[in-house]
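Following my numbering, the numbering of the sequence shown begins with 13 at its first residue and continues without gaps.
To be clear, the hints were calculated from the coordinates, so they are not data collected in a lab.
This structure is a prediction, so every number in the text was calculated from the model and none was measured.
Hints should not be assumed to be uniformly reliable.
Derived DSSO-like pairs (lysine-lysine); straight-line CA-CA distance at most 30 Å [unchecked claim]:
hint : residue 1 : residue 2
1    : Lys-751   : Lys-924
2    : Lys-699   : Lys-585
3    : Lys-667   : Lys-684
4    : Lys-901   : Lys-912
5    : Lys-869   : Lys-912
6    : Lys-1193  : Lys-1051
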Amino acid sequence: MDSGADRNSFDLKCARDLNLEGDKVPFAINGVGGVVTSYQQGLISKLIVRNVTDPNFSRLIDVQCFPEPAGKITPPSWHKLKSKFKHTTDIEVANFLPEAVTLIIGNDDPSLQLSLEEREGSFNQPFARLYKLGWCIYGPMTSKSRFENKSLLSANEINYFIDIDEADWNFETIKAGLVKMWDIERYETDNKEFEAKLSPEEIHADQVWSESETRVDGHMQYGLLWKKGEPHLENNFELAIKRMFSLENHFKRNPKIQVQYEKSMNETIELGYWERLNISFRQAKAEKNVNYVPHFPVVREDKTTTKVRVVFDAKARFNGKAINDALLQGRKNMCDVVTVLANFRLKKVTVTGDVKLMFLQVLLKPEDRKYVRMIWRPSTGQQPQIYQSTRHTFGLKSSPFICIECTKAAARRHIDTYPIAAKAMLESTIVDDVLTSVDDEKIALELIQNLKEIYKTVGMQIRKFASNSKSIMATLDPDQRAPNIELTDKSMMDSPLPIIRVLEWLNWLQQTDNLAEFEIDRCLEDAFSQSTAKSRQIHVFADSSLSAYACVLYMRVEYENFVSTRLIFCKAKVVPIKQKPSTPRAELEAAKIAAKWGTIFASWYGIDSNDLFYWGDSKTVLWWIHREKFPDIYVENRIFYILRKSKSFQWRYVKTSINPADLATRGISVKKLNQSGLWKEGPAFLKDNMNTWNSFTEETEALVKETSKQLSHMTNMITYSCQQEPLLYQLMVKQKSFKKMTRIVGYCLRFCDLCRSKTKTSSPSKKVRKNLPKVSFFYFKPSELKKARTILLREDQTNSLSDVQRGLRLPKKFPMDSNILRLSPRFDQNGIVKMFGRLQTTRFLSEEIRAPVILGKNSLVARAIIYDLHIENRHYGSFQYLANQAKQKYHIIGGLPMCKDLIKNCNYCKLKNAVTTTRKMGPLPSSRVPNSSLRLTPFAHVGIDNMAALHVNNGDMIEIRYFLVFVCMITRAVHIEITVDKSTKSTVLAFIRFQAKFGTPNIVNTDNAANFLEMARQLEELKVQFTDKNINWTFNPPKAAWFGGHFEIFMKLIKKAIFKSIPSINILLNDEELATLTTEITRMLNNRPLTYVSSDGMETVLTPAHFIIGSQITSEIVCPNSISKDHQKRYLYLMKYLNSVWKKLSQDYLPKLNLRQKWHSDGNNFRIGDVVLVKDINAKKGSWPVAIIQSLVMGDDNIARSAMIKCKNKTVQRALNSLSPIVQVESFSNDAEAMRGELL
């Protein structure tokens, strides 16, 4: 329920699922704060809503449909919450799914917002309101305050509402949810221009920081910001000692660095920043859940104080883990550089200061110090020692946030006591450097003293003060002043510039010497004026060129007798080289950054919107801003952004000659820039009285009216030359066939000729219109097609061969690549770049072969030409054959890869050339390996399969018999049962006979034969009659015989034995002979060796028969005389013998199964949503069915080998080895989506 919404909103995806019908129209939504969101494919429809608890009430409402009207807000269970509040226990609530909110009820129908009943609880409890559609809860969802140990927030920040039937938010997502719901997917042209919302990790970092805050000996103490509590890190002592020895080897080559490094390290140890641990290396190596941080030097020759700094490498990984991986970074709490510089230039007197060793003044909790250890040798002759840090060292991921937030928290605590100093710490500080400005020297001295007091409260010392006031510098003690700064020359580069750029670089480099002479006033107000400023204004100028677009800001301060103007800020951006915008669009980008920075500085300096002025010299952009009419979505989005930042009345027209932003876009030498008053102080009219600006306002209004008339007049005309570039490019992107492109352009040319013939008619009366020549649209003349092809080729070369065209026009300025020069490119009489090679004198060849058209490797026309040739050849031939055909008329740069890519992505070729790949052989299933809980008997885990028919002769009748083969998964023993058919009844009877001989198996694995499926169902129903155990019945994927390889291999062996046992196919056995034959085959299979047979034959060979009868199956049964006749001793002897057999199985046989004999790679990488072909051995490749992967069935090794696919309106399971990919989900684009629809 949203009483602040004007319309009802519904999720577009749900609307499509419900098949809602309505008008598909674009519309815009005005959100909070002037946010305007436009939707090009919105839907206006109707929907019936009902009260779930009161089915008698329903209402037909109008809804506007667009994606995610409430963001991703999901409701928790209200049944778990309502019992906490006495006044809501008897409220009847319907059950709902925890899915995203899809419907927002607004004020379309006010009766739905009418409150029928209200219930109120005590303080900090929610209150309930009954609507016609159900109950709605407003307020906090817990009885306990969420803001303990924090300052109370306003009611608007705490209270939020929840619709019981539709929505319920948890506290962690309340802020993001509200902004998402109210602003409704606002369009952002630049994400950096909006304040970032706090992520859950940042919120957690704030919570950990505040909970661990304590004060110890005048310093603040915090714990490390762990992601998930205290981590379990591996002891990386070996890494630390190895890095220390590497560091010492480095010091041997650089002894000067070693001296400074040892001095810095020993000083921090003496000051107590590191504490020594009295443990040996053996103890340190044996400890668990500790971490050592390696360290290394960073040399900075430009520093005046510490040239060698110690840096701790918390990113160093040991076994793939580092301490920084377990730490939170925290939110961005550092002041913006532009904000600091803006405050630094605002007032007359400057003040800067630096905090001494800021990171080393914040204590680390004792329980976290074991994670920040180091190994250091204090001097060359001593043994390495182990130290642990007592401070938040620089290099830890969380240290910058903790230390900066410590100082900001101190500033917030003293905002009332020392407002100026606290504001400077909050808004004008970069890490440990304060840069600000104040009105006079008295305030500056007070600021310095207050800064010392605030930093002292957290155990820090600020010094190295500097100011532009000599009296302030004289007042400070020598140890509090900043030392002189030495400038170093960094103009030299490591590698030489390319020769072609040397002259331009040297010319630019010579001008850098004049930069020292360029000066501007730091203070934006007149520092020598004794009068008070009457008003302040900001004027923003925007302009663009073919190279760049820029904006320039000026501060206009009006005093009693004069006006001063000062340069504030300038921002310039280079125009993209590859996709250069048109001149109006470039001017629009300049207006966009002008609106952005104008708003930012106006908010910083407290300038009202009426005192903020924007100036531009683009008539088109001003017309767009004032009239709010846009040619396309590109312009519309940026105009919406500009109007969100500014108002249309703030924009005025200025001539290019007096626009200072023009200097930034076109370039100017340093000498001229230093002499330019236009750049330093802006146009001269800024110093005039504001009444004289009326002429600019009137000129802007006249300009808008004139442009409006021109554009309205142009709507009745056909300007083919203006429309040619964007339309042709869109045509080439959308169409695949060059023939179709040519015909479309041909129709456009005819249409233009028809329009021109109409405009030549003096009086467009009905009689004249009847006498106009009729144009045929049924066939084309060769001249028309040739003209259309010329236009397409010329436009395509403009996009794909722009460098070649530029090099042909200006060869000295833009030399071409040697690979292009080999083609001897030249323009022909139609402006098309062709290859004029060595075949020009060969007259018997056609002109197209002697001078083929050159097309770039990114040419859209080239791809369309190859597509036409591929269709003409009826998808026949390789990519080399296709490229050879294209060479008859065109020379395509990168033609072979383009042909190969086209054939690869051709839908028809994919169907005809579908190839399946194997998956990596999976690990041995647990059912194939014995375990302690398994009984030591064969056929505990069994695989079952049916075998082909065999004819028998029983007297005068010839009948068919089938084999049901049982294979033990562990011992590889085999048992064969004969069945009269493959029916479920016969299969069940055979299984009962098998069970009577060997017992009930625990696991049964079969394929997806119908008789097995029915058998599993019947056995589940009848299991009470013949077993007291459950059978775990598993089925392999359909049409995937390799999943049952452990029993399929025996089908081959049995068939081979039968064919060799029966000398002729004309001989028919009877049932008795067949039973004898199967028994003998079973004996032979169970006598086969499982382990290696030695050459001498002395070693006993393990066979499946050992697990059945204790030895190999022979015709003679021998009982050892040494065995006692006592039954108990005979049983113990037998169990001991069986145990030795099973032990031999585990030691000799199972290790051989560890090798993967085949299928070593994963094959195709399938994902959910992929379009695939399903292999059918009974059909040709072009007739294989098409399906979509719905889900993947993962194995024990987390590798999928089968999938659930949707094919022909039904969902089935198939092995991935039977699937051939057509369209993969990660490559979906507009073309891929079209291909997906075409295949399905």
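Checklist entry - For which of the previously enumerated hints does the structure constitute a violation, in increasing order of number? => result As far as the earlier hints go, not one is violated by this structure.
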